[in-house]
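Assemble the dimeric complex from its two separately framed chains, guided by the hints.
Sequences listed follow chains G and P, in order. Heads up: the first sequence begins at 119 in the working numbering, then just goes up one per residue. Heads up: the second sequence begins at 100 in the working numbering, then just goes up one per residue.
In case anyone wonders, no lab produced these hints; they're calculated from the structure. Take the hints with a grain of salt, since some may be wrong.
Ranges of calculated distance between the beta carbons of each label pair, as one might list FRET restraints [said to hold, decoys possible]:
id : chain 1 : residue 1 : chain 2 : residue 2 : range
1  : P       : L150      : G       : I218      : 34 to 42 Å
2  : P       : A151      : G       : T401      : 37 to 45 Å
3  : P       : I162      : G       : T364      : 50 to 58 Å
4  : G       : T127      : P       : T159      : 46 to 54 Å
5  : P       : Y141      : G       : I218      : 26 to 34 Å
6  : P       : T145      : G       : G183      : 43 to 51 Å
With a straight-line Cα cutoff of 35 Å, these simulated DSBU-like cross-link-like pairs (lysine-lysine) come out [claimed, not checked]:
id : chain 1 : residue 1 : chain 2 : residue 2
7  : P       : K147      : G       : K263
8  : G       : K368      : G       : K519
9  : G       : K329      : G       : K276
10 : G       : K659      : P       : K198
11 : G       : K356      : P       : K198
12 : G       : K263      : G       : K252
13 : G       : K222      : G       : K247
14 : G       : K368      : P       : K147
Partner residues aside, some chain G positions facing chain P, computed with beta carbon under 8 Å [as the list claims (entries may be wrong)]:
id : residue
15 : I137
16 : I141
17 : L245
18 : K247
19 : R250
20 : L322
21 : D349
22 : V612
23 : R616
24 : I683
Glycine included, C-beta positions come from ideal geometry on N, C-alpha and C.
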Amino acid sequence: MRQQYALRTQLVMAVMGFIAFAIIFQIVRLQNSYVTPQIKANELNGQTELHTIFPDRGEIYDRNGHLLAGNKTVFEIGVDLTSVRYPEIIASTVSLELGIDYSKILSDIHNPAEGVSYVVIADFVDLNKGERLKELKKKMKEDVKNGSVGDLTGLNFKAHPQRSYPEISLASNLIGFVNREGRGYFGIEEKYNDLLAGNPVQVLVPIDPNKAAEITHVPNGTTLILTINRDLQAAAEKILDDALETYGAKGGTIVIMDPQTGELLTIASTPRMDLNQFWEYGTIYNNASDFNLAISTPYEPGSVLKILTMAAALDSGIVTPGTTYLDTGSILVGGAWIKNWDGKAWGRQDMTGCLQHSLNVCMATLSTQMEATRFYSYMSNFGLGHLTGVDLSGEAAGRLKTPGDSDWYPVDLGTNAFGQGVAVTPLQIMTAVSSVANHGRSVMPRTLYAMVRDERQYNTTTQIVGSPISEATADTLSEMLANSLEFEGSAALVPGYRLAGKTGTAEIPVNGFYDSTKTNASFLGWGPVDDPKFMIYVWLKEPSSSIWGSETAAPVFAQIAEKTIVLLDIPPDNIRNKLVQK
Amino acid sequence: MNIQNVNHLVQAYKVAPWRVQRQWIVNLLLAVLATAMVATLYLDVTSKAALAGREIQNLTAFITESQQRSGDLQTQLASLTSASVMEQRALDLGFRPVKSEEVEYLIVPGYFAPEPGVLSSASIPQLSALSIPPEYNESLFDWMDEKIVSSSRGQ
Chain G
119 MRQQYALRTQ LVMAVMGFIA FAIIFQIVRL QNSYVTPQIK ANELNGQTEL
169 HTIFPDRGEI YDRNGHLLAG NKTVFEIGVD LTSVRYPEII ASTVSLELGI
219 DYSKILSDIH NPAEGVSYVV IADFVDLNKG ERLKELKKKM KEDVKNGSVG
269 DLTGLNFKAH PQRSYPEISL ASNLIGFVNR EGRGYFGIEE KYNDLLAGNP
319 VQVLVPIDPN KAAEITHVPN GTTLILTINR DLQAAAEKIL DDALETYGAK
369 GGTIVIMDPQ TGELLTIAST PRMDLNQFWE YGTIYNNASD FNLAISTPYE
419 PGSVLKILTM AAALDSGIVT PGTTYLDTGS ILVGGAWIKN WDGKAWGRQD
469 MTGCLQHSLN VCMATLSTQM EATRFYSYMS NFGLGHLTGV DLSGEAAGRL
519 KTPGDSDWYP VDLGTNAFGQ GVAVTPLQIM TAVSSVANHG RSVMPRTLYA
569 MVRDERQYNT TTQIVGSPIS EATADTLSEM LANSLEFEGS AALVPGYRLA
619 GKTGTAEIPV NGFYDSTKTN ASFLGWGPVD DPKFMIYVWL KEPSSSIWGS
669 ETAAPVFAQI AEKTIVLLDI PPDNIRNKLV QK
Chain P
100 MNIQNVNHLV QAYKVAPWRV QRQWIVNLLL AVLATAMVAT LYLDVTSKAA
150 LAGREIQNLT AFITESQQRS GDLQTQLASL TSASVMEQRA LDLGFRPVKS
200 EEVEYLIVPG YFAPEPGVLS SASIPQLSAL SIPPEYNESL FDWMDEKIVS
250 SSRGQ
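The shape of chain P in the complex, shown without the other chains (with noise of 0.2 Å):
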């Protein structure tokens, strides 16, 4: 067989309709699978924000709810300990109101009484804004800039 014939044979192969039909169908099939991979991540994405947006809806109900039964308790729990009830538990206790000639007092040097009534703690204004690390808000360049700037400071 001579150089002839092999190449008249690669190009009756190339040119082969069945072969032109393969490469139409698998064209067409990669281009399926190429949407149906988009639409794969697409559903995937959009289902776990879903699920995700519920998730955060049923917490903020549920943040309501504690919040309600938290308020319910307080006040339960003020009307175990309001100021008749207290009285009355004394006085089943045997307790009995002093008078006040029968109070004693001590000087103690150095003791200050408390201030009355700081129901919060942060008594002074702070940031409201969390304060966020420059890791998550700064870029490679910035990162780099201030490591060389930090590394001339240093020296």
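With the rest of the complex left out, here is chain G (with noise of 0.2 Å):
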């Protein structure tokens, strides 16, 4: 009984002891395997490796949630040398399924630079062609286990992102374009560029899975919201596009600002690009400045200038809307004939006659009586030859000559009064003319709605950015410009709606001398007037057709007025009245 038991405790430690001694020599092996060296160098350099990580752009949208610029997959695809077996297979495969040249993938593999271990072969391969290549290698690995011959062991594929632009080309001036290195350029892209593209950073990754938990996390870029609305956009572009042809214009632009905040509704300017194909640039543009004619080109603006001098006239009390003159046909200022541009004269006028029938002579004459030094002071107060600072790149701050300056000549201050010998970019004189819609308070243009970052919203405001001109001058001015359209009859008017502008045709200098024949035609407007909802911009450039902004850019402001009246929802005045009644 007694040897039973001992033979039976022997067993059970037998048994025991064996499993222990198992245990160890495992512990024992692993420790001694011929992987153990290369954990061991891993584990002396950190075990980490070296990521450079690229976090997904932010997308941008306009005012109602329409994508105007997001990400979409591409492929990198490469081959691991250390792993490749059979390269002819690789290079034919690919060659065939991405149009690449054979024989120089099969160079690349064979022949890689010193101390390369991995080669791309393409990058940027759309989603599905790499997609299809990715099944491919899957098949003919299991093709291989079947008795096949070669497989695609060591094509390696690794998905990142890259800027796509579903709208095409809408908005394709102010939104600017994202090459594939990831950097912005014009517009929204380079602008706001360090917010969209997140941080890239390089990150340690531990290799060991026991560190997973202190993988880094990069935030992706801020989303951005813009103040444009898609719709409106859409129909400014379809309408300037028509222009151009209707009227044989070179170019031209149509800009809509919501005057009381500032919010940029559309910028619409050709020529156009279609953003996906970035690379285009250089073939459609002869200039950086070209991208943007609102922000970008400064030109003079003509008869539209004389909403600022009439301004600065009443602000400074030199005339008020009863005051009159009689319009001699021409006015000598630093000894230079000034004409009207008609070259006749118009009798006696007052102040609304004087923007109804665009006279240069009532401009003149208000230029000099206020004088050089409060005329420009007014100008530089309006903005004029400063940049706005609207959110866009490639601003241009434009020109305002003044006395002191080399090139400034007296009779400067009778043609800048009626535009003449001045440069600004359209958005400038809206900036201006701002004040003149908004009661006397100029603001800052601006595209930005929000931004949105880790599931918060950061609304913008609106900024005030100078008050040039009295609420009572600028109320007044309003009345008088929206009369002298009425009186007019101006091709600018939009049935049910009272809305003030004023146009403006200024003849283009060519070789130091102005061209008559050559005229940039604008018409510059909002409405209603007692509660501004928009300010339109139009500019033609060298219209063929005819050379008046009266009979071009007046027309197609109201073709933009109506549309811009059924996009935003804005009732008829009569409709308005008994809703502020109510």
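Below is the structure:
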């Protein structure tokens, strides 16, 4: 009995001992495995790999949530030279699927640079093509098990995002584009590049799965919501394109802004480009300033600037709306004769008549009465010659010559009063005139409505940049401009809505002399006058069917104003008045 | 057999060489067994941790891939509903752009037009840290203290 007990004990002890030794043997075996030196080496290197992480670029939406710029998945396809087994099969398959030269692929695999163990065969490969190639790799691997010769071992796929513009060329002039290195050019993409791109970072990613929780989280770029209304933008671009064809203009722009907030609803400009094919930029534009005429191309605006001259004259108390003067058809300023647009004398006119008939002599009279110091002080306060501060890349400041400048002559005091000899961008003049529409206060134009980051939305706010004229002056001038349009029976009027505005026809200087056959035709208007919801600027470059802004830009203004009224749901004045009364 | 003989036999049994040997073997085996148990536990824990870590790595990669796919689909959807496509679709269905004089406005008392463009649900900043229930970060003494304080306040 006792011997039997001893045998059992010994048996149990032997089994337990065997298990124990097996475990210890396994531990010792693992410690001395052939991969152990490699693991130890990794440990010495901190068990990490250096990765550069490019966070997804932030998306860009219009004010109603329509995506204007997003990201799509593309593949980087490369070959791991340490594991490749059948380079010829890889070369032939990739060549067939992606249309890349067979010999080049083979050469890249066979002749890598010194110390390189991974070669990139193709990048920015379309998602569908990449997926098809991946499937092929999988299938060929299975076929090898069934006796087939060769597979795509060593062919690697790395998915990464690429900028994509679903609206193609819509609003291209204000959005800008991103190149393959992820850098934004022009417009929003350049201005907010740092915000959109997130911050590309180099991080040490632990290989050790036990340290997986230490993987650095890199936040994606900030999403931007613009003040732009996509549908209005599309309508403006279509109307602009039609206008170029109808009036034979060489180019143009239509800008729509809310004069009370500075929110830009539309910036349409020509020419436009497919942002998904950004490499075509050089063939479409000669200069960077052509990319967005509304902000980058200063020009002599002509008579639309008379709004500012009249505003200055009214505000300085030199005239009132009822002040009259005798128009003789010409005035001598700084030794040069200034004439009206038709060369004729218009007789006795009040200030509304001055605006209605767009009399150069009247404006030159006002500016000379104000004298240079006061006149240019007002123009500077309106922002001429200064950047508007719009949040778009590539803005030009224009040029306002003032006494003391080497190229300023006394005659400029007269010509500047009706918009010749002064260079402004459309957005500059809109900012200046916003003070008239907005009861004396100028607003800073902006395209950013809000930013979204970490599930939080940060809205931007209206910024008042100055009060160059009094509220009374602004309201009086608005009435005068609305009356002048109505008295004139302007082509810019829209039935049911009271609008204010002014045409502009500016001769273009060629070799130092004004060419009367080449003009810039403009119209700047806003409405409804008592509670402005939109301000529209139309500029047509060198229209050939007619040189006059009243016959080209004004009807275009009416078209886009009507579209704006419909898309922004602005009721006619009589309905609005009923709403206000309630 | 007297008591002295019994004691003698017990003494002889205690000092028997085979018995000492067995005690050594048992002690050695116990030591090995203890080491093996610790090693087993170590292997078990580290392998589980490694598996969990690998799963985290896989899930992180999956999240990245899903986000990319989501962005991709979002862009595709935006292409399918772009302004030009929607306009063409509307024209094909027989619609035409409305003119301003054709629009009829009705005054609806109490109606306010919706504000535009709020893409994020949280426009007001919120606490970014997750709130951890007190059960997970207070000690037994804290809990008892809290209970005593709350019951005394209740009285």
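Outcome of the hint check:
1. L150/P with I218/G: 34 to 42 Å: 40 Å, holds
2. A151/P with T401/G: 37 to 45 Å: About 55 Å separates the Cβ atoms of A151/P and T401/G, which means 37 to 45 Å is violated.
3. I162/P with T364/G: 50 to 58 Å: 53 Å, holds
4. T127/G with T159/P: 46 to 54 Å: 53 Å, holds
5. Y141/P with I218/G: 26 to 34 Å: Given a distance of about 51 Å, which is not inside 26 to 34 Å, the answer is violated.
6. T145/P with G183/G: 43 to 51 Å: Distance hint for T145/P, G183/G holds at roughly 49 Å.
7. K147/P with K263/G: With Cα atoms ~32 Å apart, K147/P and K263/G stay inside 35 Å; holds.
8. K368/G with K519/G: With Cα atoms ~28 Å apart, K368/G and K519/G stay inside 35 Å; holds.
9. K329/G with K276/G: 23 Å, holds
10. K659/G with K198/P: Holds. K659/G to K198/P sits at ~28 Å (cutoff 35 Å).
11. K356/G with K198/P: Status holds; Cα separation ~16 Å.
12. K263/G with K252/G: 18 Å, holds
13. K222/G with K247/G: 19 Å, holds
14. K368/G with K147/P: 71 Å, violated
15. I137: 7 Å, holds
16. I141: 5 Å, holds
17. L245: 7 Å, holds
18. K247: Violated - the Cβ of K247/G stays beyond 8 Å from chain P, reaching only about 14 Å at its closest.
19. R250: For R250/G, the interface hint is violated, since the closest Cβ of chain P sits about 16 Å away, which is over 8 Å.
20. L322: 14 Å, violated
21. D349: D349/G check passes; min Cβ-Cβ to chain P is 6 Å, inside 8 Å.
22. V612: Holds - the Cβ of V612/G comes within 8 Å of chain P, reaching about 7 Å at its closest.
23. R616: 14 Å, violated
24. I683: Constraint on I683/G satisfied, holds at 5 Å.
Consistency note: the structure conflicts with the earlier hints numbered 2, 5, 14, 18, 19, 20, 23.
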